[in-house]
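J.: Sequence:
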Amino acid sequence: MANRRLLVKRRKAARNIRKITRTMQLIATARFQAAFNRATASKPYTEKLAQLVADLAAAAESVEHPLLREPEAGAPPAILLLTSNRGLCGGYNANVIRATLDSEAAAAPGNEFHVVGKKGVSYLRFIGREMAARHTEIGDAPRFDEVEPIANELMRRFVAGEIGSLHVGYMKFISAGRQRPVVEQILPLADELEADERAEGPSTAYEFSPGPQELLADLLPATVRVRIYQCFTDAVVSEQVARMVAMKAATDAAGDMIKRLTQQYNRARQTAITMELLDIVGGANALSD
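Residue numbering for the sequence shown follows our numbering, starting at 294 and increasing by one per position.
These are computed hints drawn from the structure, not numbers from a lab. Here a beta-carbon is modelled for each residue, glycine too, at the ideal position from N, C-alpha and C. Please note: incorrect hints may appear among the correct ones.
[What the hints assert, rightly or not] DEER-style ranges, computed between Cβ atoms:
#1 297 x 433: 38 to 48 angstroms
#2 395 x 432: 24 to 34 angstroms
#3 320 x 405: 51 to 61 angstroms
#4 545 x 439: 29 to 39 angstroms
#5 313 x 357: 54 to 64 angstroms
#6 573 x 319: 42 to 52 angstroms
#7 297 x 541: 43 to 53 angstroms
#8 312 x 401: 47 to 57 angstroms
Take the sequences, apply the hints, and build the full model.
T.: This is the structure:
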């Protein structure tokens, strides 16, 4: 027969766990809404800036900029890996890390990792992978002034020829029900400009003052900064979605466990009552005889 006192303790523990997971689910929901608003607010700016850069590149007879040059032979790629500082978000970090480590950039010789988030730092340290930089100070609401120094340092190293390309591994937010781990190339920008020109088709004729070349000198670095910042905002939104789903599943599992323990407790209690009645009836029969 099950120990009723033990069942009561286990049911109480399951109820406490359900309260915690339910609270974390609500917190993740609130944070998701705030992160979603930030990501959607910055996306039109990112898209319009990319379109403007493509128009300028099409208007200029020849575009020359250090961020557009092809990588030098032997220059290693740099990988910016975006993970979370906290767990309890299901397979979010594992999927991002797996997709990044399986990418072509991660297989290239001499590559270097720039890792954001405690979970990514812990895993790469565990597998013995060297890291060129570690960033664990960025929280659930990344600001542009926190991301800008990282982007500036990576651009400086690219222009100096210390790295041949820049790739960002993160969880891309597509919708509330769909997120996908991707590894996107940020530098050099030449391939992206060609893709934007093909997507937009023939562009409208503009007159620029100052000239396209001078404008691109300022807009190309801004494009890199904004694109990296957009990766950060997408990663945060995806993290909160994953935490919402994980905490919802944990809350439901705790509720099922409480029901199962309640049934076991009621069965054990009914068994104890039946045994006591049998003892009473047996004692009464013995006295009557």
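J.: Now, for every hint given, state plainly whether the structure supports it.
T.: Comparing the hints with the structure gives:
{"no.": "1", "hint": "297 x 433: 38 to 48 angstroms", "verdict": "holds (43 angstroms)"}
{"no.": "2", "hint": "395 x 432: 24 to 34 angstroms", "verdict": "holds (28 angstroms)"}
{"no.": "3", "hint": "320 x 405: 51 to 61 angstroms", "verdict": "violated (35 angstroms)"}
{"no.": "4", "hint": "545 x 439: 29 to 39 angstroms", "verdict": "holds (36 angstroms)"}
{"no.": "5", "hint": "313 x 357: 54 to 64 angstroms", "verdict": "holds (58 angstroms)"}
{"no.": "6", "hint": "573 x 319: 42 to 52 angstroms", "verdict": "holds (50 angstroms)"}
{"no.": "7", "hint": "297 x 541: 43 to 53 angstroms", "verdict": "violated (31 angstroms)"}
{"no.": "8", "hint": "312 x 401: 47 to 57 angstroms", "verdict": "holds (48 angstroms)"}
Checked against the numbered hints given earlier, this structure breaks hints 3 and 7; the rest are met.
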